[in-house]
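Take these sequences, add in the hints, and give me the full structure.
This is what each chain is made of:
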Amino acid sequence: MKVDLGQHRRDASIVAGPEEDQAVPGVSAAERRRLEQLAYRFLWNRADAEDATQDALLAAHQKRGALRDGDKWWAWVRRIVVRRSLLVRRQRSRRRESGSGEEWLESAVAELPAEKRERLSALRAGIAGLSDKQRVAVTLRYLEQMSYGEIAGILEVSEATARVHVCHGLEALRTAMRVADGASDEVIVR
Amino acid sequence: MSLTDCQDVRLALADRIEREESIAGDPRLDEHLVSCASCRAFAKDVRTIVVDLAELRGLSVLDDRPVVRLPVLRGWRWTGAAAAIAAVVAMFVLFPQGHDRDGSQPLVQVLTPPTQVRPVSRMVRLEGASRERYFAVEREEPTSGVRVIWLHKQFDATAAQQSDDSGGRSMALPKPVSSVG
Chain A
1 MKVDLGQHRR
11 DASIVAGPEE
21 DQAVPGVSAA
31 ERRRLEQLAY
41 RFLWNRADAE
51 DATQDALLAA
61 HQKRGALRDG
71 DKWWAWVRRI
81 VVRRSLLVRR
91 QRSRRRESGS
101 GEEWLESAVA
111 ELPAEKRERL
121 SALRAGIAGL
131 SDKQRVAVTL
141 RYLEQMSYGE
151 IAGILEVSEA
161 TARVHVCHGL
171 EALRTAMRVA
181 DGASDEVIVR
Chain B
1 MSLTDCQDVR
11 LALADRIERE
21 ESIAGDPRLD
31 EHLVSCASCR
41 AFAKDVRTIV
51 VDLAELRGLS
61 VLDDRPVVRL
71 PVLRGWRWTG
81 AAAAIAAVVA
91 MFVLFPQGHD
101 RDGSQPLVQV
111 LTPPTQVRPV
121 SRMVRLEGAS
131 RERYFAVERE
141 EPTSGVRVIW
151 LHKQFDATAA
161 QQSDDSGGRS
171 MALPKPVSSV
181 G
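From first to last, the protein sequence lines stand for chains A and B.
Under my numbering, the first residue of the first sequence carries the number 1, and numbering increases by one thereafter.
Under my numbering, the first residue of the second sequence carries the number 1, and numbering increases by one thereafter.
No lab work stands behind these hints: they were computed from the structure.
Some hints here could point you the wrong way.
Claimed, not checked - Okay, derived cross-link-like pairs now, BS3-like style, lysine-lysine, Cα gap no bigger than 27 Å in a straight line:
| hint | chain 1 | residue 1 | chain 2 | residue 2 |
| --- | --- | --- | --- | --- |
| 1 | A | LYS116 | B | LYS44 |
| 2 | A | LYS133 | A | LYS63 |
| 3 | A | LYS133 | B | LYS44 |
| 4 | A | LYS133 | A | LYS72 |
Structural data, given as structure tokens:
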């Protein structure tokens with residue numbers, strides 16, 4: 001099946017790089033890079049992010065016949081990347097790899113004040129501890145800066161439900177941060 | 001929307017904080033916040049979290065350093081590559097479909113995809129003990145007719161498409177007994 005890739009490029013405001021990705025026809029190097037970045041937001045590990053993207057593109061290629069609307073190709077591939085990233089996280093966690101296989105950018109945070117560095121570490125740990133839906137919603141909203149419509153598309157829920165997942169995620173993060181600060185006295189409202 | 005419920009209030013608060021709007025000024029929110037210390041604390045904490053998340057976003061950007069691929073594999077990765085090659089050879093020997101037409105033995109090379117060979121047979125997906133993954137494609141050199149198994153670190157959609165008909169195989173490789181280097 002020939003998929004029209006024009007619309008998703010317009011939707012995502014992507015300007016393809018000068019070089020097309022030779023390994024996957026129809027996917028530019030810039031698009032692959034964006035997918036790897038998306039996976040990295042969940043995995044915090046470059047090699048895992050590249051593998052998750054690779055697997056997602058393979059899955060998308062194998063299931064391309066199931067996609068009837070070419071305009072939804074980009075959202076579809078991103079959904080596959082997110083799912084694959086969650087799967088890799090779970091596999092990594094089951095293997096109990098040291099450091100969870102994550103790269104914490106020590107050099108990037110080294111110049112921050114100690115208190116800020118600890119807050120960001122706690123925040124990242126808090127995100128890792130969220131439920132899958134909350135983690136996806138919060139990550140896509142605040143790290144990928146997606147609209148609620150886009151998040152709803154990836155989670156396959158309504159926009160209102162996507163908002164609720166984000167809000168509950170913030171609530172859970174708040175609790176995690178308060179626990180990290182040793183000030184957990186708040187009653188969570190659900 | 002009734003804003004007597006804390007859940008509704010917090011959804012509205014999160015929205016306003018995200019848009020960097022003041023939480024004051026909405027009489028429905030004001031009314032609730034005056035009497036609800038818990039939601040006031042929520043607004044304060046979430047504002048801080050949203051600022052921190054923006055900072056975290058800046059720290060989770062992939063840089064543009066080149067990706068290290070097969071030719072510079074070291075240690076366990078080499079062991080994984082060797083195990084993958086051995087498995088590919090074993091698989092094509094055990095399942096010689098489309099392989100022994102001319103009785104020639106396949107050669108194995110670990111190289112990046114060349115442009116002047118065409119895929120002629122199936123594709124397999126391999127995962128080594130080092131968690132390196134490869135996509136193997138059996139190809140035939142157009143000039144010499146020699147069959148070669150190419151291991152790709154990058155998924156090659158063109159090769160996959162031309163190999164779809166013969167069906168893919170996947171297998172997990174056993175852990176190597178020792179590491180190299």
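Here is how each hint holds up against the structure:
For the given pair, A/LYS116 sits about 17 Å from B/LYS44 by alpha-carbon distance, which is consistent with the 27 Å threshold. Distance check on the hinted pair: A/LYS133 and A/LYS63 sit about 24 Å apart at the alpha-carbon level, within 27 Å; holds. Distance check on the hinted pair: A/LYS133 and B/LYS44 sit about 24 Å apart at the alpha-carbon level, within 27 Å; holds. Proposed proximity of A/LYS133 and A/LYS72 is supported: the alpha carbons are some 21 Å apart, at most 27 Å.
The structure shown violates none of the earlier numbered hints.
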